[in-house]
Amino acid sequence: MDALNNFFLIALPYVALAVFLIGSIYRYTYKGFQFSSLSSQFLEGRKLFYGSVPFHWGILFIFTGHLVAFLIPRGILAWNSQPLRLMILEISAFIFGISMLVGLINLLIRRYTTPRLRFVTNKMDFVIYMLLILQTITGLWIAYNFRWGSSWFSTLLVPYLHSIFKLQPDISAVSLLPWTVKLHIIGAFTIIGIVPFSRLIHFLVPPINYIWRPYQQVRWYWGRRKVRSPRTPWSLHRPKNN
Amino acid sequence: MDVRSQIAMVFHLDKCIGCHTCSIACKNIWTDRKGAEYMWWNNVETKPGTGYPTKWEDQEIYRGGWEKKNGKVSLKGAGKRRGLTNIFYNPNLPIIDDYYEPFTYKYLDLIESPEGDDQPTARPVSLITGKPIDIKMGPNWDDDLSGTPDFARNDPNMKNISPEEQEVMFQLEKMAFFYLPRICNHCLNPACVASCPSGAIYKRGEDGVVLINQEVCRAWRMCVTACPYKKSYYNWYTGKSEKCILCYPRIEAGLAPACMHSCVGRIRYLGVLLYDADKIESAVHGDDKDLINNQLDLILDPFDKDVIRAAKMNGVADSTIHAAQFSPVYKFVKEWGLALPLHPEFRTLPMLFYVPPLLPVMATVKKVDNKEQQEKMDPIAKKWDDNWLYDTSTKELWGTLDEIRFPLKYIASLFSAGDEEIVKDKWKKLLAVRIHRRRVTVGDVSDEKADATLADAGLTAAVADAIYALTSLPKFEERFVIPAAHREQAIEMMDFTGDTKGEAGFGIKGKVKRGI
Numbered sequence: 001m002d003a004l005n006n007f008f009l010i011a012l013p014y015v016a017l018a019v020f021l022i023g024s025i026y027r028y029t030y031k032g033f034q035f036s037s038l039s040s041q042f043l044e045g046r047k048l049f050y051g052s053v054p055f056h057w058g059i060l061f062i063f064t065g066h067l068v069a070f071l072i073p074r075g076i077l078a079w080n081s082q083p084l085r086l087m088i089l090e091i092s093a094f095i096f097g098i099s100m101l102v103g104l105i106n107l108l109i110r111r112y113t114t115p116r117l118r119f120v121t122n123k124m125d126f127v128i129y130m131l132l133i134l135q136t137i138t139g140l141w142i143a144y145n146f147r148w149g150s151s152w153f154s155t156l157l158v159p160y161l162h163s164i165f166k167l168q169p170d171i172s173a174v175s176l177l178p179w180t181v182k183l184h185i186i187g188a189f190t191i192i193g194i195v196p197f198s199r200l201i202h203f204l205v206p207p208i209n210y211i212w213r214p215y216q217q218v219r220w221y222w223g224r225r226k227v228r229s230p231r232t233p234w235s236l237h238r239p240k241n242n
Numbered sequence: 243m244d245v246r247s248q249i250a251m252v253f254h255l256d257k258c259i260g261c262h263t264c265s266i267a268c269k270n271i272w273t274d275r276k277g278a279e280y281m282w283w284n285n286v287e288t289k290p291g292t293g294y295p296t297k298w299e300d301q302e303i304y305r306g307g308w309e310k311k312n313g314k315v316s317l318k319g320a321g322k323r324r325g326l327t328n329i330f331y332n333p334n335l336p337i338i339d340d341y342y343e344p345f346t347y348k349y350l351d352l353i354e355s356p357e358g359d360d361q362p363t364a365r366p367v368s369l370i371t372g373k374p375i376d377i378k379m380g381p382n383w384d385d386d387l388s389g390t391p392d393f394a395r396n397d398p399n400m401k402n403i404s405p406e407e408q409e410v411m412f413q414l415e416k417m418a419f420f421y422l423p424r425i426c427n428h429c430l431n432p433a434c435v436a437s438c439p440s441g442a443i444y445k446r447g448e449d450g451v452v453l454i455n456q457e458v459c460r461a462w463r464m465c466v467t468a469c470p471y472k473k474s475y476y477n478w479y480t481g482k483s484e485k486c487i488l489c490y491p492r493i494e495a496g497l498a499p500a501c502m503h504s505c506v507g508r509i510r511y512l513g514v515l516l517y518d519a520d521k522i523e524s525a526v527h528g529d530d531k532d533l534i535n536n537q538l539d540l541i542l543d544p545f546d547k548d549v550i551r552a553a554k555m556n557g558v559a560d561s562t563i564h565a566a567q568f569s570p571v572y573k574f575v576k577e578w579g580l581a582l583p584l585h586p587e588f589r590t591l592p593m594l595f596y597v598p599p600l601l602p603v604m605a606t607v608k609k610v611d612n613k614e615q616q617e618k619m620d621p622i623a624k625k626w627d628d629n630w631l632y633d634t635s636t637k638e639l640w641g642t643l644d645e646i647r648f649p650l651k652y653i654a655s656l657f658s659a660g661d662e663e664i665v666k667d668k669w670k671k672l673l674a675v676r677i678h679r680r681r682v683t684v685g686d687v688s689d690e691k692a693d694a695t696l697a698d699a700g701l702t703a704a705v706a707d708a709i710y711a712l713t714s715l716p717k718f719e720e721r722f723v724i725p726a727a728h729r730e731q732a733i734e735m736m737d738f739t740g741d742t743k744g745e746a747g748f749g750i751k752g753k754v755k756r757g758i
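In order, the protein sequence lines correspond to chains B and U.
Under the numbering used here, the residue at position 113 of the first sequence is numbered 113, and the numbers go up by one with no gaps.
Plus 242 on top of the position in the second sequence (first one is 1) and you've got the numbering used here.
It should be emphasised that the hints constitute simulated quantities derived from the structure, not laboratory data.
Heads up, a few of these hints could be off.
[Claimed, not checked] Here are the simulated EDC-like pairs of lysine to aspartate or glutamate, each with C-alpha atoms no more than 20 Å apart in a straight line: (1) K373(U) with E44(B); (2) K666(U) with E638(U); (3) K47(B) with D340(U); (4) K276(U) with D170(B); (5) K314(U) with D339(U); (6) K47(B) with D339(U); (7) K755(U) with D170(B); (8) K651(U) with D300(U).
I would like the entire structure built from these sequences, with the hints used as guidance.
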């Protein structure tokens, strides 16, 4: 049992994080052409709405929630100190979880019942559908059966996650948790580990820069005012704009 | 004054014969790849017609281009707020059926079918699924007005034309059409660039070509919506958007782009325009009726000493300034004022210009009494009992502008945001040149008549001769005045200058492989 716990709660996270880090940087740097969300809306533009929208907004909220709890657990606990605020957080999170599940199921059905989509679907797509559905179901299960998740996540799991990142893994508390919670942890690290090998990679490049960049973009291959000056020395480095 | 150079083009629509050679040349070089089969970076449409994709001009459907509301110009269907909130599902994205499902035929069946009672046929199969399909659409399905009731009558430019005028247009005897070749307009205010959330699309400073960086595109698909000309295409296989690259590997080497080089009717002219980038913003914000003049005001006189000095300050190469002085585009657009941008009301400041088609009336069908004629004929001769006459004698040589075969309104809705006077001005010039040349070559037009027409159009005989020469007799070097990129710079401009057939053509050295 200890060996299993050590493997899934210590070894797996480190392997997953290492693979995620190295793989993503490698793919971003050397495989730019393969870095895409691979949208299939162009081939099927109606059913996608009922899958993509609930799924993405759902996962956006849930992921942010986990991230905030990971970064500032005390903030979550302070928020949860009043029962009403706790209820608001838990119920809205549960609703977003349901929306995520509904979206995923719609996406799954759409992908495997639309003939055209078969030709832009690979095996990895099926794997990530299964992993995400499993992860969503275990998440909802935990939220329903072991209340109140947002509070005990901050006190129980965040220290574990922090210990992973501090390179001093401490699983004494986590190893006593029910197997569904462990499954959720294992699922999470598995998903992180396969990010560089799947289309999930597109979550790393959200177009946030678009918010503040000017609308029009003009690229010059040379400093256009410098280029004519004989004093400008030749550069051996290709400008990094293409 | 911020002087920049732009490679621009003129299409002389009176010369277009609608042969689609340009489309094929482009397809063969750039888009015969998986996922790009349906793309026609260059396509030729019959007007009136719905075009490709179907009804692309109707921005109530596709929500492309910019719109001016309360004095502010913003993207109609994309932009920062709309683009980011619709990123998971873009409600304004055209899907493949709006273009057509790409297809081929199972030619091998003709050879490999076993012996049987029936002649084997080559069934059409989808290039997406590989399954047999019934072809419902193609990129030029309404070519030469085929399927008129469904296509020509649904042309978005018809909405301002009264039903009576439409009936006149579609009477079989009076039916007229012309061809509209389209490529990416390489706009000065490109909507695709502005809509791209990941910042993959940019305009090149040196020559104004608008490109999509294939390594940065993340398939957010906003450019497809934003481009009002629908010239940004989504590659469904690679998950990247692609568009016309103005054959930049050829241009940099001083060669004409494939579509232009192959043009059978020699309708295309390519050259450099110098423009003032400081004025773009005010030009875009003008009223609808001022848009064309604002755009023409951006274009600078390449002989002006101040312009040349400012251009040199800005790093425009001497060869580019020299090319701008000999630019056929400058002559057509500014010097002679013959060419107009396509749909200026989209406010993207397109840098491709069209000489509107004159479509003069050369003959009419008249009702006449043929009885006298028939009585003179031999009794055993076959008698035609119709009473129509194909009458080639018009009051005026080539008729007058009022007898033109297309309602002015229609052409104005294409090229001048509805301003009929601007189009009429161009037509007058085109007609005056013809009448003047008729005087010179045939001599059956009186000098008074020809001179009066020229004066009315604001031309002199010398200018008319120059227009005639560049329209009818230009050599290749006069049609294409392209300053090659400086070799030492060209090396830097691209990763790899050896792009070949079947590649994406965006300077990618590696294999074009779909993401996982």
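Hinted pair K666(U) and E638(U), Cα distance within 20 Å: holds (17 Å)
Restraint status (C-alpha distance of K651(U) to D300(U) at most 20 Å): OK: K651(U) and D300(U) at ~16 Å, within 20 Å.
Pairwise hint evaluation, D340(U) against K47(B), where the allowed Cα distance is 20 Å at most: holds (17 Å)
Proposed proximity, D339(U) with K47(B) (alpha carbon, max 20 Å): Roughly 15 Å separates the two Cα atoms, so the pair holds.
K755(U) paired with D170(B) [C-alpha distance capped at 20 Å]: violated (43 Å)
Given hint D170(B) paired with K276(U) - CA-CA distance at most 20 Å: violated (51 Å)
Given hint E44(B) paired with K373(U) - CA-CA distance at most 20 Å: Answer holds: K373(U) to E44(B) is near 17 Å, not above 20 Å.
Satisfaction of hint between D339(U) and K314(U), Cα-Cα up to 20 Å: violated (34 Å)
The structure fails to meet hints 4, 5, 7 from the earlier list, while all remaining hints are met.
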